[in-house]
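Enquirer: Sequence:
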Amino acid sequence: MKKKSTRQAYGEALVELGRMNENIVVLDADLTKSTKTNLFQEEFPERHINVGIAEADLIGTAAGLATCGKIPFASTFAMFAAGRAYEQIRNTVAYPKLNVKIAPTHAGISVGEDGGSHQSIEDISLMRGIPGMVVLSPADATETKKMIFAAAEYEGPVYIRMGRLDVPVLFDESYDFQIGIANTIKEGTDVTVVATGLMTARALEAAEELAKEGVSVRVINAGTIKPLDGETILKAAKETKFIVTAEEHSVIGGLGSAVSEFLSETHPALVKKIGIYDKFGQSGKGDELLEKYELTASKIISVVKENL
Numbered sequence: 048m049k050k051k052s053t054r055q056a057y058g059e060a061l062v063e064l065g066r067m068n069e070n071i072v073v074l075d076a077d078l079t080k081s082t083k084t085n086l087f088q089e090e091f092p093e094r095h096i097n098v099g100i101a102e103a104d105l106i107g108t109a110a111g112l113a114t115c116g117k118i119p120f121a122s123t124f125a126m127f128a129a130g131r132a133y134e135q136i137r138n139t140v141a142y143p144k145l146n147v148k149i150a151p152t153h154a155g156i157s158v159g160e161d162g163g164s165h166q167s168i169e170d171i172s173l174m175r176g177i178p179g180m181v182v183l184s185p186a187d188a189t190e191t192k193k194m195i196f197a198a199a200e201y202e203g204p205v206y207i208r209m210g211r212l213d214v215p216v217l218f219d220e221s222y223d224f225q226i227g228i229a230n231t232i233k234e235g236t237d238v239t240v241v242a243t244g245l246m247t248a249r250a251l252e253a254a255e256e257l258a259k260e261g262v263s264v265r266v267i268n269a270g271t272i273k274p275l276d277g278e279t280i281l282k283a284a285k286e287t288k289f290i291v292t293a294e295e296h297s298v299i300g301g302l303g304s305a306v307s308e309f310l311s312e313t314h315p316a317l318v319k320k321i322g323i324y325d326k327f328g329q330s331g332k333g334d335e336l337l338e339k340y341e342l343t344a345s346k347i348i349s350v351v352k353e354n355l
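Add 47 to the 1-based position in the sequence shown for my numbering, that's all there is to it.
Hints may contain errors.
With a cut-off of at most 30 angstroms between alpha-carbon atoms, the simulated BS3-like pairs for lysine-lysine come out as follows [what the hints assert, rightly or not]:
#1 K346 to K233
#2 K233 to K285
#3 K193 to K49
#4 K282 to K352
Just so you know, these hints were derived from the structure itself, not from any lab.
Throw the hints in and build the complete structure from the sequences for me.
Expert: Okay, here's the thing in structure tokens:
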């Protein structure tokens, strides 16, 4: 299967968007080659601002541009965007409801050798907690591009979480992404796996293996973490025996928490969470770390079998 990183797709999508809309501006905090905003910088140098290693300024400048009618995309690593610039996102972007798109790359432990200090496993939780913030997490390059275009059309603050690793391209151009809608990409009647980010490919792999043993697994790709698609989650909880969530993020405050919170009030059901259990990341190759922290298809398979 063809592979491509979501950060590469992000850079390419910005260029397409920039050609269509002159109000698109892109900001970066001295990581343009890593975040792939250098692609936009090369074509539209007058609409690209490198603020340097100053993430608070990154967000503050983006907020100022939004007040002037521009549509700013602010990029750096997820650790620095959601972490270091949290106060600016909360008070300068979300509180006044400004039209800023915070689009970090290098989220999760698959960042790899940079180690635990650079591996953001709390960013979904941080952004979910901010009133009015939309939180998106693409599964592949195709969904990334569609998310970037949808974010540009949406009026208000959006956080789009992207990664470093090349991941399988799951969807073609006919894939329909809409903010607030989770896509059921495989039907099933026994168990539902709700996945996001690079875990969606692993969920599909697990579903295919389990099908060989007669286990029918529904796979839902939750590209939007907030607002959660309650209708699709509720339907799955009623029609299958239990839910498994899968994310490259802490199980505290992420997708698993969002699904559990929703179902506890609407249709109490067993929810088993696959993610990072209250640990920091560490240095190592991205794929090796995903194995070490059990963010794998085999882990999904074992959790499904244990709970059927």
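Enquirer: Does each hint hold? Answer for all of them.
Expert: Checked hints:
1. K346 to K233: Given that 30 angstroms is the threshold and the Cα spacing comes to 19 angstroms, the pair holds.
2. K233 to K285: holds, 16 angstroms
3. K193 to K49: Holds, at roughly 18 angstroms.
4. K282 to K352: holds, 22 angstroms
Checked against the numbered hints above, the structure violates none of them.
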